[in-house]
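Engineer: My request is simple: use the sequences and hints to build the entire structure.
Protein chains in written order, with my numbering: chain S, 1 to 207; chain W, 1 to 205.
Some clues are possibly wrong.
Said to hold, decoys possible - On the chain W side, residues computed to face chain S include the following (Cβ under 7 Å):
{"id": "1", "residue": "Trp-127"}
{"id": "2", "residue": "Ala-128"}
{"id": "3", "residue": "Pro-130"}
{"id": "4", "residue": "Ser-133"}
{"id": "5", "residue": "Ile-141"}
{"id": "6", "residue": "Val-152"}
{"id": "7", "residue": "Leu-155"}
As the list claims (entries may be wrong) - If the Cβ cut is set under 10 Å, some of the chain W residues that face chain S in the computed set are:
{"id": "8", "residue": "Ile-56"}
{"id": "9", "residue": "Met-71"}
{"id": "10", "residue": "Ser-125"}
{"id": "11", "residue": "Met-129"}
In short, the hints are calculated from the structure, not lab data.
Yeah, the Cβ is synthetic: ideal placement off N, Cα and C, and Gly gets one too.
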Amino acid sequence: MAEAEASRAPLVICEHCDSVYQRPVLARKQTAHCQRCGALLARGRRLSTDQLLALTMAAAIVFLFANTFPIMGISMQGLSNEATLWQTVEALAQGRITLIALVTGLSIIFAPALQIILLAWVLVHARAGRVAPGFRACMRALEHLRPWSMLEVCLLGILVAIIKLAGMLEVHPGIGLWAMSMLTVLIILIGGRDVRGLWDELGVGRP
Amino acid sequence: MSAPPYAGELGLQLCHTCDKVCLLDTHECPRCWSVLHPRKPNSLVRTWALLIGALILYLPANLLPVMYTDMLGNGSESTILSGVIEFWRGGSWDIAVLIFIASVVVPCIKFFVLGLLLVTVQRRSRWAMPERSRLYRFIEIIGYWSMLDVLVVALVAALVQFRALSTIEPRLGILFFGLVVVLTMMAAMSFDPRLIWDAEKNDVR
Chain S
1 MAEAEASRAP LVICEHCDSV YQRPVLARKQ TAHCQRCGAL LARGRRLSTD QLLALTMAAA
61 IVFLFANTFP IMGISMQGLS NEATLWQTVE ALAQGRITLI ALVTGLSIIF APALQIILLA
121 WVLVHARAGR VAPGFRACMR ALEHLRPWSM LEVCLLGILV AIIKLAGMLE VHPGIGLWAM
181 SMLTVLIILI GGRDVRGLWD ELGVGRP
Chain W
1 MSAPPYAGEL GLQLCHTCDK VCLLDTHECP RCWSVLHPRK PNSLVRTWAL LIGALILYLP
61 ANLLPVMYTD MLGNGSESTI LSGVIEFWRG GSWDIAVLIF IASVVVPCIK FFVLGLLLVT
121 VQRRSRWAMP ERSRLYRFIE IIGYWSMLDV LVVALVAALV QFRALSTIEP RLGILFFGLV
181 VVLTMMAAMS FDPRLIWDAE KNDVR
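Structural biologist: Below you can see the structure in the form of structure tokens.
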């Protein structure tokens, strides 16, 4: 009986309390919440595959800018210095504390980079109606990367650093900072759960 | 409207990775090939271990200096709290409050809430279940903002590198602080909020 139920009626299970519901049909921006625990059950898909791919491409370009150009520069008594995202991570790679440089590198460079690469890979194939090679591994990796991508925290960190340093020297925002701000917004848009729609769209795992 | 059924009662389970509804007796998600578990494995033990580890590291994170500042030959080390106090005295009370919330309030709330959730789940308490669910989702969202101080120290240390005039370097405290954030994030991820609701059922979990 359970077998029939799992394959026939489209169901949805609340990940926070295990309640089972019929899968609601939601329009764009509509959300469904669990009656029992109030958690978000489902959300109307906001972005189509085409839109996701377009934003992913934009994110890839902006990512290159954010990582090539300095985030900000300072000057003091005729001396000046600039720092890129990579140099920021490098500043922590000193002797005993190098481990924290890895965590920081993951959260502000590697996780967003992997998100963009994996999304581009599965979306380019999905647009052609194909299931990308390694589709399952890519989709699983995207789920596991999501909590470790912390660009928005980095953006707030930059703001705090600017205010901290502005008291003692001159601070100039760099091109990298503008790119970072755009990248943060783009990653929030594409890094969400909309990509899960590909499972149904491509019919992966359907008997 | 009557309460919705639990997945276990219908012989179903949820795939954690791709959200697919799977049968209870399968061990691998037919769609994404992840390993299936009705509940996160060893949720309570793992969460306790990670939480206690984070609590222990929280001491050196606050006691050891996180940053060394050398201004025209005058070197000084600062801890997380002394950094907050410096901002406060310097007149930027808003930044002081922001860093205080991210570095002190958020980790402490996480310790307290995770401890509370673990104890109530182990006692199979039926007290305030929807509210406890909401508390869990709250700490899941706020957790990673604690990385703020690590990133600020990294940025400032990367920028202020004028050999003769002034330099800023990170210190050991920031490693412990970063590890506290990572461990509390992992603790929140390993806790299974469905255990809160298992208290409603009388069968074994």
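Engineer: Next step is simple, just say for each hint if it's right about the structure.
Structural biologist: Quick rundown of the hints versus the structure:
1. Trp-127: Given a least distance of 14 Å, the restraint on Trp-127 (chain W) is violated.
2. Ala-128: violated (12 Å)
3. Pro-130: Pro-130 (chain W) check passes; min Cβ-Cβ to chain S is 6 Å, inside 7 Å.
4. Ser-133: Holds, because the Cβ-Cβ distance from Ser-133 (chain W) to chain S comes to roughly 4 Å (cut-off 7 Å).
5. Ile-141: Violated, because the Cβ-Cβ distance from Ile-141 (chain W) to chain S comes to roughly 10 Å (cut-off 7 Å).
6. Val-152: Nearest chain S Cβ about 5 Å off; hint holds.
7. Leu-155: holds (4 Å)
8. Ile-56: violated (16 Å)
9. Met-71: holds (8 Å)
10. Ser-125: Cβ of Ser-125 (chain W) sits 15 Å from chain S, so the hint is violated.
11. Met-129: At 7 Å from the nearest chain S Cβ, Met-129 (chain W) passes the 10 Å test, so the hint holds.
Violated hints for the displayed structure, listed by number in ascending order: 1, 2, 5, 8 and 10.
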